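*Asks:* Protein chains in written order, with this note's numbering: chain X, 1 to 381; chain G, 1 to 381.
Among the hints, a few may not be true.
In this list, chains with the same sequence are indistinguishable; a pair is considered to hold if it fits within one copy or across any two.
Calculated pairs, EDC-like style, for lysine to aspartate or glutamate (alpha carbon to alpha carbon, straight line, at most 20 angstroms) [to be verified]: (1) 126 / 29; (2) 4 / 189; (3) 221 / 373; (4) 2 / 367; (5) 221 / 231; (6) 4 / 367; (7) 341 / 34; (8) 126 / 17; (9) 126 / 204; (10) 4 / 53; (11) 341 / 381; (12) 126 / 325; (13) 2 / 55; (14) 126 / 381; (15) 341 / 325; (16) 126 / 220; (17) 126 / 34.
It should be emphasised that the hints constitute simulated quantities derived from the structure, not laboratory data. Treat the numbers as computed from the prediction; the structure is a model and nothing was measured.
2 protein chains.
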Amino acid sequence: MKFKDYSDEVLLAQLGDRFTVTYRFAVDEHTALEMARSVCVEQTVEFPAQHIEADAINQHIIGRMEHFGACWDGYRAVISYSDQAGTDEFTQLFNVIFGNSSLLPGITVERIDLSREQLGWFRGPKFGVPGLRERLGVRGRALAFTALKPMGLPTASLADEAYRCALGGVDLIKDDHGLMNQPFSEFEDRVRAVCAAVRRGNEESGHNTCYIPNLSGSFEKIMDRVRLAEDCGAGGIMLAPGLVGYDTMRYVSAHTGLPVVAHPAMAGCLLDKGSGGFACGCVLGQLPRICGADLTVFPNYGGRFSLSQAQCRSIVDFCAEPMGDVPPIFPCPAGGMTFEKIPAMREFYGADVGFLMGGGLFTVTPDLSANCERFVRILRE
Amino acid sequence: MKFKDYSDEVLLAQLGDRFTVTYRFAVDEHTALEMARSVCVEQTVEFPAQHIEADAINQHIIGRMEHFGACWDGYRAVISYSDQAGTDEFTQLFNVIFGNSSLLPGITVERIDLSREQLGWFRGPKFGVPGLRERLGVRGRALAFTALKPMGLPTASLADEAYRCALGGVDLIKDDHGLMNQPFSEFEDRVRAVCAAVRRGNEESGHNTCYIPNLSGSFEKIMDRVRLAEDCGAGGIMLAPGLVGYDTMRYVSAHTGLPVVAHPAMAGCLLDKGSGGFACGCVLGQLPRICGADLTVFPNYGGRFSLSQAQCRSIVDFCAEPMGDVPPIFPCPAGGMTFEKIPAMREFYGADVGFLMGGGLFTVTPDLSANCERFVRILRE
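Isolated chain X (complex conformation):
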């Protein structure tokens, strides 16, 4: 098929750099090669290539297989795309990476390698590890991180919890991600009350505890809530990109002076749990980092979720691997954390990590402030 008014020369002048995506296919070699070739088309033109009478589209718009080979768990293809196919809008980049192919079983996105041009468009978080350490005044140790719980409490109870955590000196307190705008604890009341409680706790204790409200609500309310959090003196904001969209997090991160925590709620849908999706490090490390998170929460190995040590390691690696000027970010393992586990965790994760302890911190003794002090003391040791 020929196209009216199409010119190879005009298109060639508009293509920019190329970026690559590494896919794994958990099938036999013949099928894997066929699937990889189909990804090149499916993620771009969605049109039978033999019918496209336009050389520059066939050679430069359709994904280009740069490498194909066996790996221990299937076959791996590195496919490059024109930056301009993905554009400078994250949703469209996301679409080129895995849009239609997400509907097929057996394809895993292992990693994304952005081009230099794209790293000018997608700048990642504002703080990252060095900026957040500077801001918090915490050096050489892991961050002590907790969450206000459980859903159903009134704002006064949650503010009391936060006050006691600030007395105990944890670094970060977030809303449990299920706290949104329930009638029993409305967002605005909670943010005002908890910010005030944390300020009072800090004044009394001399600590620098930060409160991070959950902003994973309606499209039209997110930016007003960011402004409220800023005005009330919150120390950061939390978004679940699986709920609000990765691009929403990117936008918010670029339009607030506060650090951003990515929560994994619903991001489990993107996670390859055996039938395809994004590899663990990619969805819980790389994507939040590209989209402006300073910290990324994920289920720790050995807890009540099912990630392996290797998967948690890959998240840590993606949080820290070189990526142009994008700073490393804090991996924050969570879920079933207890004091007893911390030494092993510290050995595994090193110092550039936030340990998120919720239920374990609240229940180990009835004295929440003392529990928080102990938490920080163990991390200092």
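Please arrange chain G on chain X, whose structure you already have, making use of the hints.
*Replies:* Chain G only, in chain X's frame:
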């Protein structure tokens, strides 16, 4: 653990109705029951229930198992939650349905049954099948739907395609979902040019073809693009909720007078492909309908994607099942559609469907207008 300032009575007065989610667990009975109990906690309080000294939280906030039993492919649990746990914000409802549990393998969300109260909050699409038929003036037959392709063409070529499709009288022409704001066809240019081309085609042919641009771009640009599409006379807008977020689609649908098409790009991540997720009809039928889509595009069985007839049937069922005042919506099978397949498709899908034919329509003969005429003629027969 006791909570300061907490009162059962105050919480009980704030709980509202309850809604239910049906989960399937592809494991043995003992494990399934344990997982179902854990979902009740994980989706709400995320706190060890035995430590919560608050009866109303334990009895009404924690999910309540209304039914548990065997089904042919595992075990099924119907769990109810307080409407006010999910609130009137879709992101939080979405979170209660599957937020944390999405990280676990082997759990499938089969369906959501909204309460009467929630159906007042989430009102679905503005048109649905009856409203869109009225608007298009098409009765008693399937809609003829096509897409402008391929990525890499300049706007003039795409406008020429649209003009010829309008001459041939297809009902709906959408942007290929990979067309966004590439330098070779910028969004604003394309919307202006294609709207004008379709208008000219309609004037010459007497048809009522509608153009539906793709709005799956950046958070901050979506509403400006909606206004541009409205101003230029577009006949609808398309969003991929998997890319922009389901709540973004809900918001846009509620804030435009145009019909909304849901595209499945990246929604494949939510689709249960064997290791958990949302059942096909739920993610490609029910969620788009709740979030305001008038039409939902999905990969047809027998095409280059892998949905089964049963999965496609479940999408159709979810598009049409009674749901308060929410109208039924058009299922739009796509992918590998040809003229030869239409009779069988029509038998399978009935009349309240949109057949989305892309490559097949463009390549069957070089005369695109004639191909479109033939498409509509076959649907009329």
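*Asks:* Would you mind marking each hint as holding or not holding in the structure?
*Replies:* Here's how the hints hold up against the structure:
1. Neither within a single protomer nor between protomers do residue 126 and residue 29 lie at most 20 angstroms apart by alpha-carbon distance, with minima of 43 angstroms and 48 angstroms respectively.
2. Only between protomers do residue 4 and residue 189 lie at most 20 angstroms apart by alpha-carbon distance; the minimum there is 17 angstroms, versus 60 angstroms within a single protomer.
3. Within a single copy, residue 221 and residue 373 get their C-alpha atoms no closer than 36 angstroms, and across copies no closer than 46 angstroms, so neither meets the 20 angstroms cut-off.
4. For the identical chains of this complex, residue 2 and residue 367 are inter-copy neighbours only, at 11 angstroms across copies versus 75 angstroms inside a copy, given an alpha-carbon limit of 20 angstroms.
5. Only within a single protomer do residue 221 and residue 231 lie at most 20 angstroms apart by alpha-carbon distance; the minimum there is 15 angstroms, versus 26 angstroms between protomers.
6. Taking CA atoms no more than 20 angstroms apart as the test, residue 4 paired with residue 367 passes between copies only; the shortest distance there is 13 angstroms, against 75 angstroms inside one copy.
7. Taking the shortest alpha-carbon separations for residue 341 and residue 34, neither the intra-copy value of 46 angstroms nor the inter-copy value of 24 angstroms comes in at or below 20 angstroms.
8. Within a single copy, residue 126 and residue 17 get their C-alpha atoms no closer than 25 angstroms, and across copies no closer than 42 angstroms, so neither meets the 20 angstroms cut-off.
9. Taking the closest pair of Cα atoms, residue 126 and residue 204 never come within 20 angstroms of each other, the shortest separation being 30 angstroms inside a single copy and 54 angstroms across copies.
10. In this assembly of identical chains, residue 4 and residue 53 lie within 20 angstroms of each other by CA distance solely inside one copy; the values are 11 angstroms within and 72 angstroms between copies.
11. For a Cα distance limit of 20 angstroms, the shortest separation of residue 341 from residue 381 inside one copy, 14 angstroms, qualifies, whereas the shortest one across copies, 70 angstroms, does not.
12. In this assembly of identical chains, the alpha carbons of residue 126 and residue 325 lie at most 20 angstroms apart only when taken from the same copy (11 angstroms versus 45 angstroms across copies).
13. Proximity of residue 2 to residue 55 under the C-alpha cut-off of 20 angstroms is restricted to the intra-copy arrangement: shortest distance 11 angstroms within a copy versus 71 angstroms between copies.
14. Taking the shortest Cα distances, residue 126 and residue 381 never come within 20 angstroms of each other, neither inside one copy (29 angstroms) nor across copies (60 angstroms).
15. When the C-alpha separation of residue 341 and residue 325 is checked against a cutoff of 20 angstroms, the pair qualifies neither within a copy, at 34 angstroms, nor between copies, at 52 angstroms.
16. In this homomeric assembly, residue 126 and residue 220 come within 20 angstroms of each other (Cα to Cα) only across copies, at 19 angstroms, whereas the closest approach inside a single copy is 24 angstroms.
17. For the identical chains of this complex, residue 126 and residue 34 are neighbours neither inside a copy (41 angstroms) nor across copies (42 angstroms), given an alpha-carbon limit of 20 angstroms.
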